[in-house]
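Student: Chains W and V are the protein sequences, given in the same order.
Those letters in the first sequence? Residues 1 to 480, per our numbering, in order.
Those letters in the second sequence? Residues 1 to 480, per our numbering, in order.
The hints are simulated quantities; they were obtained by calculation from the structure and are not laboratory data.
Glycine included, every Cβ here is placed at the ideal spot set by N, Cα and C.
Be careful, since some hints might not be right.
Capping the alpha-carbon separation at 25 Å, the derived lysine-lysine pairs in DSS-like fashion look like this [claimed, not checked]:
(1) V:K208 <-> W:K327
(2) W:K334 <-> V:K414
(3) W:K414 <-> V:K334
(4) W:K208 <-> V:K11
(5) W:K327 <-> V:K207
(6) W:K173 <-> V:K182
(7) W:K182 <-> V:K208
(8) V:K11 <-> W:K23
(9) V:K334 <-> W:K429
The calculated label-pair distances, taken between Cβ atoms and stated as ranges, are [as the list claims (entries may be wrong)]:
(10) W:H139 <-> V:P479: 46 to 56 Å
(11) W:N417 <-> V:E176: 30 to 40 Å
(12) V:D55 <-> W:D32: 42 to 52 Å
(13) W:P330 <-> V:D220: 19 to 29 Å
(14) W:D2 <-> V:E12: 34 to 44 Å
(15) W:P330 <-> V:E176: 54 to 64 Å
(16) V:L331 <-> W:E399: 10 to 20 Å
(17) V:G135 <-> W:R379: 43 to 53 Å
(18) W:T454 <-> V:E336: 40 to 50 Å
(19) V:D32 <-> W:R165: 53 to 63 Å
(20) W:E189 <-> V:D212: 16 to 26 Å
(21) V:R431 <-> W:R379: 26 to 36 Å
(22) W:K208 <-> V:P28: 50 to 60 Å
2 protein chains.
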Amino acid sequence: MDAAEFRRRGKEMVDYVADYLEKIEERPVYPDLEPGYLRSLIPTEAPLEPESYEDIIQDVERVIMPGVTHWHSPNFFAYFPAASSYPAMLADILCGAIGCIGFSWAASPACTELETVMLDWLGKMLHLPECFLAGTSGHGGGVIQGTASEATLVSLLAARCKAVRCVRAKDPKRSETEILSKLVAYTSEQAHSSVERAALIGAVMMKKVPTDSRYAVRGDMLKKMVEEDKAAGLIPFYFCATLGTTPSCAFDHITELGPLCNKENMWMHIDAAYAGSSFICPEFRPLLNGVEHADSFNFNPHKWLLVNFDCSAMWVKERTDIIGAFKMEPLYLKHENQESGLVTDYRHWQIPLGRRFRSLKMWFVFRMYGLHGLQAHIRKQVALAKEFESLVRADKRFEICAEVILGLVCFRLKGSNELNQDLLKRITKSREIHLVPCQLSGRFVLRLAICARTTESRHIHQAWRHITQLAFELLQEHPQ
Amino acid sequence: MDAAEFRRRGKEMVDYVADYLEKIEERPVYPDLEPGYLRSLIPTEAPLEPESYEDIIQDVERVIMPGVTHWHSPNFFAYFPAASSYPAMLADILCGAIGCIGFSWAASPACTELETVMLDWLGKMLHLPECFLAGTSGHGGGVIQGTASEATLVSLLAARCKAVRCVRAKDPKRSETEILSKLVAYTSEQAHSSVERAALIGAVMMKKVPTDSRYAVRGDMLKKMVEEDKAAGLIPFYFCATLGTTPSCAFDHITELGPLCNKENMWMHIDAAYAGSSFICPEFRPLLNGVEHADSFNFNPHKWLLVNFDCSAMWVKERTDIIGAFKMEPLYLKHENQESGLVTDYRHWQIPLGRRFRSLKMWFVFRMYGLHGLQAHIRKQVALAKEFESLVRADKRFEICAEVILGLVCFRLKGSNELNQDLLKRITKSREIHLVPCQLSGRFVLRLAICARTTESRHIHQAWRHITQLAFELLQEHPQ
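Just chain W, same shape as in the assembly:
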């Protein structure tokens, strides 16, 4: 394929994409097929000679689309949103063409520098404390990670490195191995599975902190555990707070937890993967109060801020803490500017070496929407969640299971877990909408998250009519 054919096929692809997104509502949101469906639809080996582009693009509808869960359908309410917008898609086309691998400043200065400035822009939108911004002389700064899981892991590894260094500074006779075996990290019992996984990867102990009746960690709960562990000779070194948990969008009390972590010399990382986008609105910004106590903070613009995956924004107060945990300097990656102080080599901030020019997406989205446009998007989706909440509350057969703060509604039929499992099975099977469950206080709960950029009030009402119809049938068959 030469440039001339790319011009033609690229324009066809742009139309295909626009058609797909304009008519996505006509497709069943969740596929109706059995595991292994795809293998039989295509050859067992790659072709020896080139095939025609027509054949390939026809196979997109024949092979791929029947197996797609349509995350951008307005009837998709599962997990949390995956961001998508036209400006981000345009920027991604450009990113693919430039195709630089921005592991160091020299590998493509624009790639690194735009990222640093975009993270400052975004930090200012959130009113992050100045110490998290790079500016021209700051000690902090931001980086785009692939996912929140990686941000959590990077923060835990930085904290581990710092803790070992601190302990050995006081007591040089202790071995690294012995210190590692005593380190203990904490997170909420409601935290995302990736937090526990980070500790597993980092080979450190992690304890789950119980939550209050609103599924949030309070200061006194962590304090008690830290004191017990210290008394037992362990070394508390890290707490991962969650703002907006995955099951119910609960908020740990970082105004209580932060001062405790600071006092105990524990690294506090804040994972606000989903909720973080909302902090650009003044009315939701109080949810972030206490961030000044954190060592690192992360949220995913690729969830709720219209920047397509992957774009997970992470800030640290002391960039040397992160860089120090990873730095390796082979000759083939050295370049003459790296000691200038103005230069950031992002490979020291992350797990992978290579990285795409992802800040282009942020730049296009922030400029095409403006802060007010982004705020309008958040507010609209929160309003839709509130609308759904009021529909649920008006139906005596149902109950709301957690406070609706942002775009997630946790609800269930009053009655047994089995009843609710059965309801979800019917919803999944009918394929008109798509939800996933969670568990809260031992109860099986349905989660409805406002996901697609194009979800409107009518979709919420349709979804509710559909759910209540299935619930009606279910209750007819199995009267409580």
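Using the hints, position chain V against chain W.
Tutor: Quick look at chain V alone, frame taken from chain W:
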């Protein structure tokens, strides 16, 4: 921006991209600017109201392009290639539009199933032993990682988990901490910095194995170290072999190392990040002989197989080894098909949770090029390297520093390191071509890698004329 405007702007972007790539040679390959250049070119904060698309796209030339290192210029010879092709770019546009986050089978079955089959296709192209393929009933299988660094880390963590389990199975009284402190991993002193970094992350000891005169690890060198370490009470558990090292494209002797690792119950991972693509050609496939002894194997189609970043292909013999090291199952990620055996949940195979629909790129590229087209690409680039090698060999002032096997030529002026450092500085400063150095046996060496898809013989000759001209000037000024 609505769908109608996206249609218009998307088509403009396709033309911009085609123009950029058609005329890339006219741009200086390496930017001429000082660190911090970008911040002063754009506002310090995001706009409150939307800006016009015209303003944004004009800023691409004003702000971005002056700071881009043009990896796809035929005058770019630095690092290793970053793959780029039009079919891959088309597939990426589609990937962005579908925008699913394929962490589990249910999150988008097509995303998972196409990936499994594409890794089988690619494994067959390489003639990987059957045990690495998923097929319909295999124990092995492939996965797309973001980068080779992640593949190395994942393999090391799987090996760590397996080693701890094995030791405890024999001696349940030993604690996990104590075992961890005795584990020792090995890799070549020529291995990529990411290998050492994986051990740092995994909190295990890693030792560097010396190499022979061709910069390769031999069986007897590893054997000696393993025996000494065992005698000292350590537990050798992992060896990362490199096929095609970053400094000089050397190949560890896996036919000797593999049987040793198998005998010692050590996990052997093979990192063939760059060289792996060449194994699709029968004449280069012998370089992979011995892979049957490996537990995991990885290379980057995003380097040399025309699939745009990120696409790092990894295969394992026993997928349970990998999954076992990471598995976490919160309710919101469970789905009804996951226990069927046919289903792969790729989140258990990798560090991040989220993942893009990257196999689309492989599918488009393999079908638009065919195996023969891909082989032709590899052969052409190897021939260009050989052509450059013969130019260097014909000039008595220069020497070749390592055998030229694939697309990388290591060379230097006969003389001091300072002389060669000076030569590279002049090359970098002139911005006509771009190279990076390496260190081999204490000598400062220049690396010329054939990178861009569009590099032709004339670019090689131009590059050599340019280098010899600068060398001539240098030697005039500083006669040896």
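Student: Could you run down the list of hints and mark each one as holding or not?
Tutor: Each hint, compared with the structure:
| no. | hint | in the structure |
| --- | --- | --- |
| 1 | V:K208 <-> W:K327 | holds (17 Å) |
| 2 | W:K334 <-> V:K414 | holds (23 Å) |
| 3 | W:K414 <-> V:K334 | holds (23 Å) |
| 4 | W:K208 <-> V:K11 | violated (51 Å) |
| 5 | W:K327 <-> V:K207 | holds (18 Å) |
| 6 | W:K173 <-> V:K182 | holds (19 Å) |
| 7 | W:K182 <-> V:K208 | violated (28 Å) |
| 8 | V:K11 <-> W:K23 | holds (20 Å) |
| 9 | V:K334 <-> W:K429 | holds (15 Å) |
| 10 | W:H139 <-> V:P479: 46 to 56 Å | holds (48 Å) |
| 11 | W:N417 <-> V:E176: 30 to 40 Å | holds (35 Å) |
| 12 | V:D55 <-> W:D32: 42 to 52 Å | holds (45 Å) |
| 13 | W:P330 <-> V:D220: 19 to 29 Å | holds (26 Å) |
| 14 | W:D2 <-> V:E12: 34 to 44 Å | violated (20 Å) |
| 15 | W:P330 <-> V:E176: 54 to 64 Å | violated (32 Å) |
| 16 | V:L331 <-> W:E399: 10 to 20 Å | holds (18 Å) |
| 17 | V:G135 <-> W:R379: 43 to 53 Å | holds (50 Å) |
| 18 | W:T454 <-> V:E336: 40 to 50 Å | violated (28 Å) |
| 19 | V:D32 <-> W:R165: 53 to 63 Å | violated (40 Å) |
| 20 | W:E189 <-> V:D212: 16 to 26 Å | violated (54 Å) |
| 21 | V:R431 <-> W:R379: 26 to 36 Å | violated (49 Å) |
| 22 | W:K208 <-> V:P28: 50 to 60 Å | holds (55 Å) |
Going through the hint list in order, the structure does not satisfy hints 4, 7, 14, 15, 18, 19, 20 and 21.
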